[in-house]
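Fit chain B to the given chain A structure using the hints.
Going down the list, the sequences are from chains A and B.
The working numbering puts the first residue of the first sequence at 35, with every later residue one more than the last.
The working numbering puts the first residue of the second sequence at 2, with every later residue one more than the last.
Incorrect hints may have been included.
Claimed, not checked - For each label pair, taking beta carbons as the anchor points, the in silico distance ranges come out as:
no., chain 1, residue 1, chain 2, residue 2, range
1, B, Ser273, A, Pro56, 44 to 52 angstroms
2, B, Ser212, A, Tyr115, 34 to 42 angstroms
3, B, Ser273, A, Tyr115, 35 to 43 angstroms
4, A, Pro56, B, Arg221, 45 to 53 angstroms
5, A, Tyr115, B, Glu218, 45 to 53 angstroms
6, A, Tyr115, B, Gln915, 35 to 43 angstroms
I should point out that these hints are in silico values taken from the structure, not numbers from a laboratory.
Computed from a predicted model, the values in this text were never measured in an experiment.
A virtual CB, placed ideally from N, CA and C, is assigned to each residue, including glycine.
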Amino acid sequence: MASDKSDPLRKYVYRGDPLAEPPPPELSAIFTRHRGAPDALITVLEDIQRQYGYLGQNHLQYLARQLNFPLARVYGVVTFYNLFRLDPPGKHQIRVCRGTACHVNHSAAILSHLENALGIGVDETTPDGEFTLQTVACVGACSLAPVLVVDEHTYGRMTPDAAWRTLTALDEREAAA
Amino acid sequence: MNTITINGQAIAFATGATVLETALAHDIDIPRLCYHPALKPSGGCRLCLVEVAGRPGPAPSCGLLCADGMAVQTESERLTAMRRDIIDLFVSDHPMTCAACEKDGACDLQRYARRYGIEQTSFDFELSRTLRQDDNPFFVRDHQYCILCGKCVRVCDEIVGRNAIDYSGRGFHSHIATPFDGLMIDSSCVFCSSCVQVCPTVSLLPKARVSIGAGEELTRTRTICGYCGVGCALEFVLKDGKLVNAQGYAGAPVNDEFLCVKGRSGWDFISSPERLTQPLLRRDLAFQLGITSEPWSLPDTSPLKSRKPEEHFIPVSWETALDIAAQKLAHVITAHGPDAVAGLSSARCSNEENYLFQKFMRAGIGTNNVDHCARLCHASTVTGLGAAFGSGAMTNTIRGLRDGDCILITGSNTAESHPVISYEVVRAVKSGASLIVIDPRRTPMVDHARLWLQPTPGTDIYVYLAMMHVILRQGWEDRAFIEQRTEGFADFAALLEAYTPEMASLHSGVPAEQIESAARIYALGERQNEEMMRLGDDEITSAGHSPNLSISQSPNLPSSRGASSILYAMGITQRSNGTDLVKTLANLSMLCGQIGKPSTGVNPLRGQVNVQGACDLGALPDVLPGYQPVTDDAKRQAVAQVWGLDDLPGENGLTVVEMTHAAIAGKIRAMVVMGENPMLSDPNLSHVEEGLRSLEFLMAQEIFLSETAQLAHVVLPGAASLEKDGSFTNTERRVQLFQPVLAAPGDARADWQIVGALAAKLDEKLGRTDSPVRWRFDSTAEILEEAARCAPIYGGMRHARLAGEGLIWPCPTVEHPGTPILHTERFSRGLGKFHPIAAQLPAEMPDADYPLILSTGRILYHYHTGTQTRRAEGLDWREPRAFVEIHPQDAAAVALVDGGPVVLHSRRGQVRTQARITNRVPAGSIFLAFHWREAPANLLTHDFALDPLAKIPEYKVSAVRLENPSRRR
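The shape of chain A in the complex, shown without the other chains (with noise of 0.2 angstroms):
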């Protein structure tokens, strides 16, 4: 953004209009579908996020000063709703059942190995952009619990120790590819 966040105090200095440029295609041809349709925010941030897998600050600024809504609102409607993430995603997203049935069958232990072997908490990403870990309610999986879902992958019957090497076996698998 604009200022310094060292130093709010300091006096404003102008550093130009992060809009100057149009906003690209792609967005545009988003705005363009739903142009003058008061009730439709949550749809174009769903388009959005479809698009670039995430809500980027000027997309929204974009957004808010393209269909005419106040941003501020536009940033309350997008931290109200959990499905919307303001970060771009890791390169793997990593969700750990924490249903009812995975639950007893131990995830949370899952969770807190991740965690501690990521160095992130959830709705976090890696620092090098590798990983994005989440939860999730049920995947409807149950008779696999605990389940993992690794981008559009199911691996059930999961113990923190797998659930590590599930991860580590997609860098080889990568390499290999």
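Coordinates of chain B only, in the frame set by chain A:
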């Protein structure tokens, strides 16, 4: 008959009133935390629950409409238990450290907690919000005290229209946040502190009140804000005789309790060490008079660049200063006649001071050469509306705006120049009124507009003419009004035939379809409909066009029109055809009968706190107090008699810009300037400096050593509006009293005392020992009483009557209640007059050498020449330096960098400043405010093409070119 029973008491209610409003109006207290009378009910806190007979459960009274026969109980055991639980829950997330709190005694939560006997919460929760954000000089946001009532969010949305904050997160993570939880300065916040004003707890606290304590050691004084012409009432909080902060108070007549950033936080200048505290004498004059022994001469350095101007002066006593000033003036009068003297009065001084100043010029010196900065802002309003209606002022009230159906804003940056009036417009829009903005520049009001017409600067006249063409073609005019109330219609209408929307579109660049939509919405007072309530950037301009009412269909006049009003300001008046433009707007209103009724009219928004009053009381070269022409023998002699004289000079005097020209020509030899700064505010500053330097004698009454005062021979220290009393007349003609809040610094005196003393001294020097003219008054009340005898429109104005809401002129007698709406039964001049006006382009159009148009204006955080605002810490923090707005296309042509330097050239001069590249301005047009001493816009503006009647300079259109200094070599 609509009757509701509250606690057994039968109460009549107005249709649409809520139970809570009705109860409060009858002193029945219902506890409430999220309710505010100016905001729409949100029903969030659930404290205002009441029992309604026939309903199983309680209902929130803030959102419950009264119904005939409804029976309500505001207290019951069940309600008490529920309220106690609610307070308990609030308190569970709010530290009850009341004794150490700045809001102790003024906190709503504390009051209810005490009422319901809750000292500590019975819940064992940890505080869910702990953030304390101290990121700006205006207020601190301490989230642990926040109760999420949302009043701050709603005031920012519904009144201020900025939406800087909103609820963020969910459940225990809910909090009030700026976008991305960023700094206030990175949000759309305008720091008006309206959120602070409505916060029920200490969660939002003015920075100046942190650690200052609460209660008895603070005193409060109510007065009128000294900035713009809106005339907001405000309350100053003092501790040990020092200013702590300013705030609004509920029930103020103009502004409710809301203020803008300048009124709230623009007062540091008052205690600046640079304030003048004693009379000053320039050292060359001091040497000439034998007061000093060192020869000295005024350096050639422009006052715009001088570094230590105070070294040009020595302090002297009041006696000496007044004696020298009177002697010098007497000498010029004796040697060259009274018309060799000119005076500039001040729109920042009171009615009493302006009255006395023009009396001094006319009866003391003996000339009509008296003018003030109204010449530079609304002179064309006075001439234009005077000719059309007979009265050159806002026809309707500020408060009436919120009830209108359509508001047309043209040539007014309302949100930045008259912020509190923009609040009324926002309120109207939020309740469904249509806003049309006509402006080349994207001002903040465009965010709320149903229709934004963006003409090329200087071509808007085509838009108005074409709108009227369309109105006549479609039969949307008000025939009955035209026939009964106006004259000159036929000639006017004949001229409109040529101005088709297509032709106007060609000249102005505004699509014909938009002109047609604007014509329809304004003429019929058409409200927005639902799908128009929220439109995007690209659609704002075209969405007003509704196919159902398209022009080709038969004229279909609805049975009743909505109320449409016009707001305008400098974008109309500061033009070489300003008078014509004003008359055109008057034509438009009369054509549609949109005048003389509530929420309609033609409403010039006047710039300075008392520019209306300074005009009313005759600080103009052609009229005496009350707009009585100096050339009218009977009226002039009547005023002379009030002053104890037989007659007064009967020829029109010189206007502001003409004074400069006359000074250079040697016709004006002495000037008296009271609280004006022409050396920064007038067009073509090099010319102004030449004029002021060529004077034999220049005297300035000032609170700072302004650029103008630096050239003066004698400088007299004045008191600021917070240090004296008197009356101001705001833009809606409301005369209000202001009160001293502080003592003036050092030997500074109120301007009325200075003028009175100087005038008496001049009589002495001229040997007029038995002059019947009264100069010495014991109070401002006495001065206004005399003024009332001169000016019939002020005939009933007395200080004793002005307490509270003030009085709106015309107020001819002491029994008269004032006149909020002008021209209701008849126009001031009898019939309203249509003037046939043809389109005309600005005097200096862009050409190959100077291809761009410069418009000057103001920004929100500063005021005029910046003598006050640039000395206010918060305002200076937010906008510390000059900048010019340039369209990306024009910037690219000379490869400018956003935020980098640029040099602007005109035929008059050049200015270097910072370039801000933005599409707020259209291509081909740049915008520079005139606040900046380091980048004076008026070095560039021209003074050769004054409006022929109003003599106003064309600040809005000067031809300029850009230069990229980094490419110079």
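Right, here's what the structure says about each hint:
1. Look at serine 273/B against proline 56/A: about 45 angstroms separates their beta carbons, and that is inside 44 to 52 angstroms.
2. Remark: the range hint 34 to 42 angstroms for serine 212/B to tyrosine 115/A is upheld by a beta-carbon distance near 40 angstroms.
3. As the Cβ distance of serine 273/B to tyrosine 115/A is approximately 50 angstroms, the hint placing it in 35 to 43 angstroms is violated.
4. The hinted window of 45 to 53 angstroms between proline 56/A and arginine 221/B holds, with their beta carbons roughly 51 angstroms apart.
5. For the pair tyrosine 115/A and glutamate 218/B, the beta carbons lie near 48 angstroms from each other, so the given range of 45 to 53 angstroms is met.
6. For the pair tyrosine 115/A and glutamine 915/B, the beta carbons lie near 41 angstroms from each other, so the given range of 35 to 43 angstroms is met.
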